[in-house]
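> Here's the letter readout for the chains.
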Amino acid sequence: DSGVTQTPKHLITATGQRVTLRCSPRSGDLSVYWYQQSLDQGLQFLIQYYNGEERAKGNILERFSAQQFPDLHSELNLSSLELGDSALYFCASSVGLLGVAGNTIYFGEGSWLTVV
Amino acid sequence: EDQVTQSPEALRLQEGESSSLNCSYTVSGLRGLFWYRQDPGKGPEFLFTLYSAGEEKEKERLKATLTKKESFLHITAPKPEDSATYLCAVQGHDYKLSFGAGTTVTVRA
Chain A
58 DSGVTQTPKH LITATGQRVT LRCSPRSGDL SVYWYQQSLD QGLQFLIQYY
108 NGEERAKGNI LERFSAQQFP DLHSELNLSS LELGDSALYF CASSVGLLGV
158 AGNTIYFGEG SWLTVV
Chain B
235 EDQVTQSPEA LRLQEGESSS LNCSYTVSGL RGLFWYRQDP GKGPEFLFTL
285 YSAGEEKEKE RLKATLTKKE SFLHITAPKP EDSATYLCAV QGHDYKLSFG
335 AGTTVTVRA
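Here the protein sequences come in this chain order: A and B. Each residue of the first sequence is one higher than the one before, counting from 58 in the working numbering. Each residue of the second sequence is one higher than the one before, counting from 235 in the working numbering.
The shape of chain A in the complex, shown without the other chains:
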């Protein structure tokens, strides 16, 4: 158990709908990351927050947004869903910013999103 908690574990929704994925980082971790993993694209970095502020942005669609709250939990909002958004969405956390010796990111178990 990495200590990163994601809900829901599974979600099935229709095209055009909006969903929210929730993540609680490990105790003491200030950074939260969101990744998307699909069968054909591997793990793709979406966005990172550090202590409530957006720190880095990857290939995140405009239909997607995220935020990190004062209690450090984070939410990833996916709207106007398309079939191609079906994927496993991972949240990860780290104490601080990567690149500092001993600072590693730990992943949650993911949220399976199926868009039908």
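These are computed hints drawn from the structure, not numbers from a lab. Note that the structure is predicted; figures quoted are calculated from it, not measured. It is possible that some hints are incorrect.
Derived DSBU-like pairs: lysine-lysine, alpha-carbon spacing no greater than 30 angstroms straight-line [said to hold, decoys possible]:
(1) B:K313 - B:K291
(2) B:K303 - A:K114
(3) A:K114 - B:K313
(4) A:K114 - A:K66
(5) A:K114 - B:K302
Counterexamples of contact, computed for chain B against chain A with all Cβ distances above 10 angstroms [said to hold, decoys possible]:
(6) S253
(7) K276
(8) A287
(9) G336
Note that the Cβ used here is the ideal one computed from N, Cα and C, for glycine as well.
Based on the hints, put chain B in the right spot on chain A.
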């Protein structure tokens, strides 16, 4: 843009048959190279971080090494429980972590 290429895509081993996985990378200002293990439907599990060329780290039957252009994950005398997808990732100057597509290892008893 940072790039990570892992080879081979898949590796089938007999129990006890040692082998190596390769991770080639191009990155602007390497801050760290990470190895993860991922089981089907699960989140990646952290294995190692390497920070500079020449560095080596070991954990049970796994040993990771780093050069300026690539990293190797050596699996010594693997067991069936070592079957998983092994992911390599690099972090560049912008703090983004870029993953390779992974190598799926299957160890047969």
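> Against this structure, judge whether each hint is valid.
Do the hints match the structure? See the list:
A distance of roughly 19 angstroms separates the Cα atoms of K313 of chain B and K291 of chain B; the hinted pair therefore holds under the 30 angstroms criterion. Annotation: proposed proximity of K303 of chain B to K114 of chain A holds, straight-line Cα distance about 25 angstroms (limit 30 angstroms). Note on K114 of chain A and K313 of chain B: the hinted pairing is violated, with a Cα-Cα distance of about 39 angstroms set against a maximum of 30 angstroms. For the suggested pair K114 of chain A and K66 of chain A, the alpha carbons sit about 24 angstroms apart, so the restraint of at most 30 angstroms is met.
Of the pairs offered as hints, the one joining K114 of chain A and K302 of chain B holds, with about 26 angstroms between alpha carbons and a cut-off of 30 angstroms not exceeded. Every beta carbon of chain A lies more than 10 angstroms from that of S253 of chain B, the smallest distance being close to 22 angstroms; the non-interface claim holds. Non-interface status of K276 of chain B relative to chain A is broken: a Cβ of that chain comes within 10 angstroms, the nearest being about 6 angstroms off. Remark: the non-interface label on A287 of chain B is consistent with the geometry, its nearest Cβ contact in chain A lying 15 angstroms away (cut-off 10 angstroms).
Once the 10 angstroms rule is applied to beta carbons, G336 of chain B is inconsistent with being away from chain A; the minimum gap is 7 angstroms.
Of the numbered hints listed earlier, those contradicted by the structure are 3, 7, 9.
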